[in-house]
Amino acid sequence: MNEKIKKNSFLTNQIQVSLKINAKNRSLTLDSRTSLLDALREHLELNGTKKGCDHGQCGACTVIMNGKRQLSCLTLAATCEGANVLTIEGLAKKDKMHPMQGAFVKHDGFQCGYCTPGQICSAVALLQEAKDGDASYVTADVRNISKELKLSEEEIRERLSGNICRCGAYNNIVQAFKEVHSADDEMPTWKFATKMQMKSAKRK
Amino acid sequence: MIPAKFDYIKATSISEAVNLLDEHGFDAKILSGGQSLLPAMKLRLNRPEIVIDINGIPGMNSIEETGDEVIIGANCTHTQILNSDMVYKTVNILHQAVTTLGDVQVRNRGTIGGSLAHADPSADYPAVVLACNAQIEVEGKGGKRTIAATDFFQGIFTTALEDDEIVTAVRFPKVAHGKYLKFYQSASRFAIVGVAVVFDDSKVKVGITGVSDTPYRATAVEEAYTGNGDAAEHAVDGIEVMSDHFADENYRSHLAKVMVKRALEE
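The listed protein sequences derive, respectively, from chains A and B.
Note that UniProt numbering has the first sequence beginning at 1, numbered continuously upward.
Note that UniProt numbering has the second sequence beginning at 1, numbered continuously upward.
Worth flagging that the hints you see were computed from the coordinates, not collected in a lab.
Take the hints with a grain of salt, since some may be wrong.
Straight-line distance between alpha carbons at most 20 angstroms, and here's what the computed SDA-like set of lysine to any residue pairs gives [claimed, not checked]:
1) B:10 / A:51
2) A:51 / B:226
3) B:5 / A:20
4) A:150 / B:56
5) B:10 / A:48
6) B:10 / A:150
7) B:257 / B:226
8) B:29 / A:55
9) A:51 / B:29
10) B:5 / A:185
11) B:42 / A:42
12) B:10 / A:14
13) A:131 / B:99
14) B:29 / A:13
15) B:42 / A:31
16) B:42 / A:133
17) A:20 / B:257
18) B:10 / A:42
19) A:68 / B:226
20) B:5 / A:13
Label-pair ranges, simulated between beta-carbon atoms [unchecked claim]:
21) B:85 / A:183: 41 to 49 angstroms
22) B:49 / A:20: 53 to 61 angstroms
23) B:240 / A:153: 39 to 47 angstroms
24) B:174 / A:152: 25 to 33 angstroms
25) B:157 / A:168: 33 to 41 angstroms
26) A:81 / B:85: 50 to 58 angstroms
27) A:47 / B:56: 56 to 64 angstroms
28) B:67 / A:150: 50 to 58 angstroms
29) B:224 / A:150: 16 to 24 angstroms
30) A:201 / B:224: 32 to 40 angstroms
31) A:150 / B:49: 30 to 38 angstroms
32) A:67 / B:65: 21 to 29 angstroms
On the chain B side, residues computed to face chain A include the following (Cβ under 8 angstroms) [as the list claims (entries may be wrong)]:
33) 34
34) 35
35) 45
36) 46
37) 105
38) 109
39) 161
40) 179
Glycine included, each C-beta is placed from N, C-alpha and C at the ideal position.
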């Protein structure tokens, strides 16, 4: 056996990891199998980050690690030595919500709320990606890409596609993002039915 | 879901990782981005006893240009490749493939070396490395060697890598004109059919992923190519086409021909 593998009667495959979570230094002794998600939820009582599929398909566990949004369910805690992790709990400043949180509330960017912490972390990271001019499927030419991208609705939907909302609050999520990203309070492309339309629909 | 028990080791050099692989053989597994390995371990489809993390190894995550090649370190994330000006300019077909790969969260962590070594039959990179004639640099106990992309993929999740070898880099020749097109499975964005075409004067090189359990060069299309999309009818000649609940054999064969035709007519 390699000398790097330390045996302990309690945890046969224990690892030690020190990292910064929401600006606080944390040191943990964990089973090597622990995902960052389980470390947050089970060991640090940071239950804001949600476990949806636990397989990297739904995005509910998205956190921001070293400035990049990542899936905490597909990240072993062991690999996070020295990392700087930002979770939903770290976004607000005392009683003041992060602008993205405020916009989600204002635009009703959720229904059941389970995917929301992941959605908001993803959206906050996307603000920075747009500032940095990161490329996407919709980018025409990386060479001409400008910093401070103003994202279209199509781009926002594409770039937030890693977060699934089973309730289908996507329209409101896009509106919330738009407001923070470009102070764009232009009405969404969908409209509520008029009273007349509702009446005629009921008659049928 | 929790994987079966394993010991975690963070390798600090390629030789350390190789020595560990040599020592533990089939019981060890290399962890790069982990975006495919961890789900497989959670489902216990994979139960390594030793997980060797190669993320901290210096010098494995750079993108460099040398003469007529671009060399991409195995630990480069998809995001790094996507945002590389050099890749965009010199191997644009690779940039095109990465734009369609997974979602941002996966692209921020998954790596090109990990994806190639994993050899998922529906992954995007295989089609591109095949069409580009890329060279895959590997290192093992016996030293370094280079494997041509055409020799690398040997079956479903199976490559030409020996038990003690890891992928260290991928060398792409510069490609002036290429096209990557895919018909993706709408939930996972994995390719049901992915087609990479590299145009070279009057010739083409065609790599296809998602269709067979092994990605392949569509040599029948390349031989029949006369400057238009007609050669696409040979897209699955001599190929055993996969069948699953997303697309059965007939539908997949048809899709392959349509996607090759569209890519050839670019």
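* Asked: Is residue 10 of chain B close enough to residue 42 of chain A, meaning Cα to Cα at most 20 angstroms?
  -> Roughly 24 angstroms separates the two Cα atoms, so the pair is violated.
* **Status of the residue 109 of chain B interface restraint (C-beta, 8 angstroms, chain A)** => This interface hint holds because 5 angstroms falls under the 8 angstroms limit.
* To do: With respect to the beta-carbon atoms only, verify the hint that residue 85 of chain B and residue 183 of chain A lie 41 to 49 angstroms apart.
  => violated (30 angstroms)
* Go ahead and decide if the range 39 to 47 angstroms is satisfied by the Cβ distance of residue 240 of chain B to residue 153 of chain A. => holds (43 angstroms)
* Asked: Taking 20 angstroms as the top limit, are the C-alpha atoms of residue 150 of chain A and residue 56 of chain B close enough?
  -> Distance of about 35 angstroms is beyond 20 angstroms: violated.
* To do: Sort out whether residue 226 of chain B lies within 20 angstroms of residue 257 of chain B, counting only the CA atoms.
  => This hinted pair holds, its Cα atoms lying about 16 angstroms apart.
* Asked: Does residue 105 of chain B pass the interface check with chain A, least Cβ-Cβ distance below 8 angstroms?
  -> holds (5 angstroms)
* Is the straight-line distance between the alpha-carbon of residue 51 of chain A and that of residue 226 of chain B 20 angstroms or less? -> It is violated: about 53 angstroms lies between the C-alpha atoms, which goes past 20 angstroms.
* To do: Mind checking the alpha carbons of residue 10 of chain B and residue 48 of chain A for me, to see if they're no more than 20 angstroms apart?
  => violated (29 angstroms)
* Between residue 29 of chain B and residue 13 of chain A, is the straight-line Cα distance small enough, at 20 angstroms or below? -> OK: residue 29 of chain B and residue 13 of chain A at ~16 angstroms, within 20 angstroms.
* Within a Cα-Cα threshold of 20 angstroms, do residue 5 of chain B and residue 185 of chain A meet the stated pairing? -> violated (51 angstroms)
* **Consistency of beta-carbon spacing, residue 224 of chain B to residue 201 of chain A, with hint 32 to 40 angstroms** => About 56 angstroms separates the Cβ atoms of residue 201 of chain A and residue 224 of chain B, which means 32 to 40 angstroms is violated.
The earlier numbered hints that this structure contradicts are 1, 2, 3, 4, 5, 6, 9, 10, 16, 17, 18, 19, 21, 22, 26, 27, 28, 29, 30, 31, 35, 36, 39, 40.
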